[in-house]
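*Asks:* This note's numbering puts the sequence shown at residues 1064 to 1461.
Think of the hints as simulated: they come from the structure by calculation, not from any bench. Model, not experiment: these values are computed from the prediction. Heads up, a few of these hints could be off.
Here are the simulated lysine-lysine pairs, DSBU-like style, with alpha carbons at most 30 Å apart [to be verified]:
no.: 1; residue 1: 1261; residue 2: 1272
no.: 2; residue 1: 1129; residue 2: 1089
no.: 3; residue 1: 1274; residue 2: 1288
no.: 4; residue 1: 1139; residue 2: 1129
no.: 5; residue 1: 1288; residue 2: 1261
no.: 6; residue 1: 1288; residue 2: 1299
no.: 7; residue 1: 1170; residue 2: 1139
no.: 8; residue 1: 1139; residue 2: 1299
no.: 9; residue 1: 1366; residue 2: 1170
Derived CB-CB ranges, DEER-like [as the list claims (entries may be wrong)]:
no.: 10; residue 1: 1258; residue 2: 1233; range: 26 to 32 Å
no.: 11; residue 1: 1113; residue 2: 1205; range: 45 to 51 Å
no.: 12; residue 1: 1402; residue 2: 1258; range: 28 to 34 Å
no.: 13; residue 1: 1379; residue 2: 1172; range: 30 to 36 Å
no.: 14; residue 1: 1294; residue 2: 1350; range: 32 to 38 Å
Even for Gly, the Cβ is constructed at its ideal location relative to N, Cα and C.
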Amino acid sequence: MNLAPDDIVILSRARTPVGDFLGSLKDVSLVDLTTAAGQAALERAGVSPEEIDEVAMGCLYKHGNKGNPARQVQLKLGCPSSGWAYTVDQQCASSMKAYDCAYRSLKTDGCQVALVLGGETMSRAPYLTLGARAGFRMGDVKMIDSLTYDGLVCAMMGYHMGVTAENLAQEYGITREEQDELAVMSHQRACAAMEAGKFDEEMVPIEVKTKKGTVTVDRDEHPKKGTTMEVLGKLKPAFLKENGTVTAGNASGINDGAAAVVLTTAAYAQAHGLRPLARVLSTVSAGVEPRIMGIGPAYSIPKAIREAGLTADDIDYYEINEAFAAQFLACNRELKLPMDKVNANGSGIAIGHPVGCTGVRIIVGCLSELIYRQARYGVASLCVGGGPSMATVIERIP
């Protein structure tokens, strides 16, 4: 493959296991978890911390983690203080937006090597007491759960993101049975991938100190082998009590995790004897109405493919985050993608959705599957609370 000197390439990929809500990773800090992913990505890229100019990190739940977690990770890794770092919040696309920012920095801003991170520890999202700064003269004090207030409830619509999935189910005539069938498939695929060792090359084991000693977490906790239509059929609607179809079983998980990729220019990679894994062909955004935020990938994916100079027929594989089964199914009513080319190893429903991590995690997963299939072009995309959506097209380098 002939690369132009200013082509942006991916040198490495890494991710931690995705932990269940209040699961094995609940006591691991955001900075420690993300540092582990970043360190592995640097080692796999053959890049030293001293070479990193920019650290871009996506994270939604930053409360309680001190200022600018990206800078904390940057210096903890031993990257030079002369470099720059920033933490991005674009809800579910936070880390894909960080990837987008780093991509553009490499193109135009003099950056030579960038570490892109996604990290989220939803188990550690704090409770908030608004107004406490000024004090309370009398009466009860209200505690607000930042998990819902800052992320899971739409700031514009004032209701849970699950209701936006219900809106799409109604508009596209998507049944509860269809949603549960997709959820079962997601768990089956994720469990099969784990058993086959398909995640091993991207995985970064995490050592967790417990009262009984140190435990190594090296597998995703959310996939459930026993997920069946019968099991899911017993669950009640989670967001609309009357005629609701979205349940905890056909929605993505609330999780902890981190992921990382190292980006550089083709010129830098060649000059330093580094072997790129893929070339970034495009990274784009598109917006839709907040009430149907989940349909976003139906708009950002075609846009990304066009910007890459390709057609849908050229794309070999897609990673599209399953925020909700109804959301994914609505997107595919528009995109009409064959399921053997999409989410081969499960997605948000089975693997989980640590929101700030997911944008980079699905890039990692897309690249891993392209390598596994020896395929050429892949797309990673996800919807975003509030209506933005993002997508990127990558090309595997043989």
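*Asks:* Hint by hint, which ones does this structure get wrong, listed from lowest number up?
*Replies:* 8, 10, 12
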